[in-house]
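Undergrad: The primary structure of each chain is shown beneath.
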Amino acid sequence: MSECQHRWQMTNIQFGFVVFEKCFHCNSLRTYFSLEDIPILGDKYREGKHFWSRVENAQSFRFDLQCTECNHLEEFEDLMGLLYCTGCLPDCEVEVLRKKYEAERTWVLVAFGHLPQTTEEPIPSHKLDILTEYFNQKRDTSRSTIKIISFNLIEDISRCKGDFIHDVGMLSMEPPEERKPLF
Amino acid sequence: MTTQDLIEKIGLRPLSKFEHREVDGVFISDMLSDVMAGAKSGNLWLTIQTHKSIIPAANLVDVSAVVITGGKEVPEETVDLASKYNIAILSTALATFELVGKLYGLGLGAD
Chain A
1245 MSECQHRWQM TNIQFGFVVF EKCFHCNSLR TYFSLEDIPI LGDKYREGKH FWSRVENAQS
1305 FRFDLQCTEC NHLEEFEDLM GLLYCTGCLP DCEVEVLRKK YEAERTWVLV AFGHLPQTTE
1365 EPIPSHKLDI LTEYFNQKRD TSRSTIKIIS FNLIEDISRC KGDFIHDVGM LSMEPPEERK
1425 PLF
Chain B
88 MTTQDLIEKI GLRPLSKFEH REVDGVFISD MLSDVMAGAK SGNLWLTIQT HKSIIPAANL
148 VDVSAVVITG GKEVPEETVD LASKYNIAIL STALATFELV GKLYGLGLGA D
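Protein sequence lines, in the order shown, are assigned to chains A and B.
So my numbering is basically just the index in the first sequence, starting at one, shifted up by 1244.
So my numbering is basically just the index in the second sequence, starting at one, shifted up by 87.
One chain only, chain A, in its complex shape:
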């Protein structure tokens, strides 16, 4: 067990796109990171029992965190994005935690892994703690702090209206319309 009081720094930053695909047959959603823009062509393709079509490309980035003291590297290739809770489901555990932490000036964000893998294997809690540590190390914590929690606390993902901190529609000169729920 390392005794290092890690000081995290973002490294291996790659800008790219989070691609969202939906199966029009069973409504499954999957996401992956791509370094290249993949246009939303409306084309569908079959893969096993699924018929995938792209529903969104969001400009995003991926990164790892490295400790500047001991060089320990923590990889975050499995992190799809961070979502902020809009308080859509009053009984959702995320909303309950959000209210509780906000009273202490701690802002809650939900970490999402790539779908559908993350539903089987959510991002491990030690990685969420490292993300929390990283964002708090960068900020003036006397004013407020950040808490990153796991998406599997969301009560009903199909009704969640949380919003990803992604760049949607940034390749267009047209102003982005109101975002539609992805789930």
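None of these hints come from the bench; they were simulated from the model.
Every residue gets a Cβ at the ideal spot worked out from N, C-alpha and C, and that includes glycine.
Treat the hints with care, since some could be wrong.
[As the list claims (entries may be wrong)] Across the chosen pairs, the derived CB separations fall in these ranges:
| no. | chain 1 | residue 1 | chain 2 | residue 2 | range |
| --- | --- | --- | --- | --- | --- |
| 1 | B | G125 | A | I1401 | 24 to 32 Å |
| 2 | B | T89 | A | C1270 | 52 to 60 Å |
| 3 | B | A180 | A | Q1249 | 43 to 51 Å |
| 4 | B | E95 | A | R1403 | 24 to 32 Å |
| 5 | A | D1400 | B | G188 | 46 to 54 Å |
| 6 | B | A197 | A | C1314 | 25 to 33 Å |
| 7 | A | G1292 | B | E185 | 52 to 60 Å |
| 8 | B | Y191 | A | D1335 | 45 to 53 Å |
Chain A is already provided as a structure; the job is to place chain B on it using the hints.
TA: Structure of chain B alone, referenced to chain A:
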């Protein structure tokens, strides 16, 4: 240099409710991912983006204020969310280039 100083010296218009704080450097980007990867705590973030998603991004990296340039209208929901997070939204009719010149003249840089 504080957000209060910038409002007084450059005439930036405060839109949200917030507590004034120190400004430490300037970051310019219209991409949330760029801001999350590169902005530092205390930075003044200059952008033309007005979607409410700028607020969680600004909060995550702890910028001192978001300045909307070019006189763009800021939706009420963006302002409301900023007030909730105690994030300063300031607006100006100045183009980003002109504003950067004024900020540089006041001693602020890309820190």
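Undergrad: Now tell me, hint by hint, if it's right for this structure.
TA: Checked hints:
no.	hint	verdict
1	G125/B x I1401/A: 24 to 32 Å	holds, 31 Å
2	T89/B x C1270/A: 52 to 60 Å	holds, 55 Å
3	A180/B x Q1249/A: 43 to 51 Å	holds, 47 Å
4	E95/B x R1403/A: 24 to 32 Å	violated, 47 Å
5	D1400/A x G188/B: 46 to 54 Å	holds, 51 Å
6	A197/B x C1314/A: 25 to 33 Å	holds, 30 Å
7	G1292/A x E185/B: 52 to 60 Å	holds, 56 Å
8	Y191/B x D1335/A: 45 to 53 Å	holds, 51 Å
When held up to the earlier numbered hints, the structure conflicts with hint 4 and nothing else.
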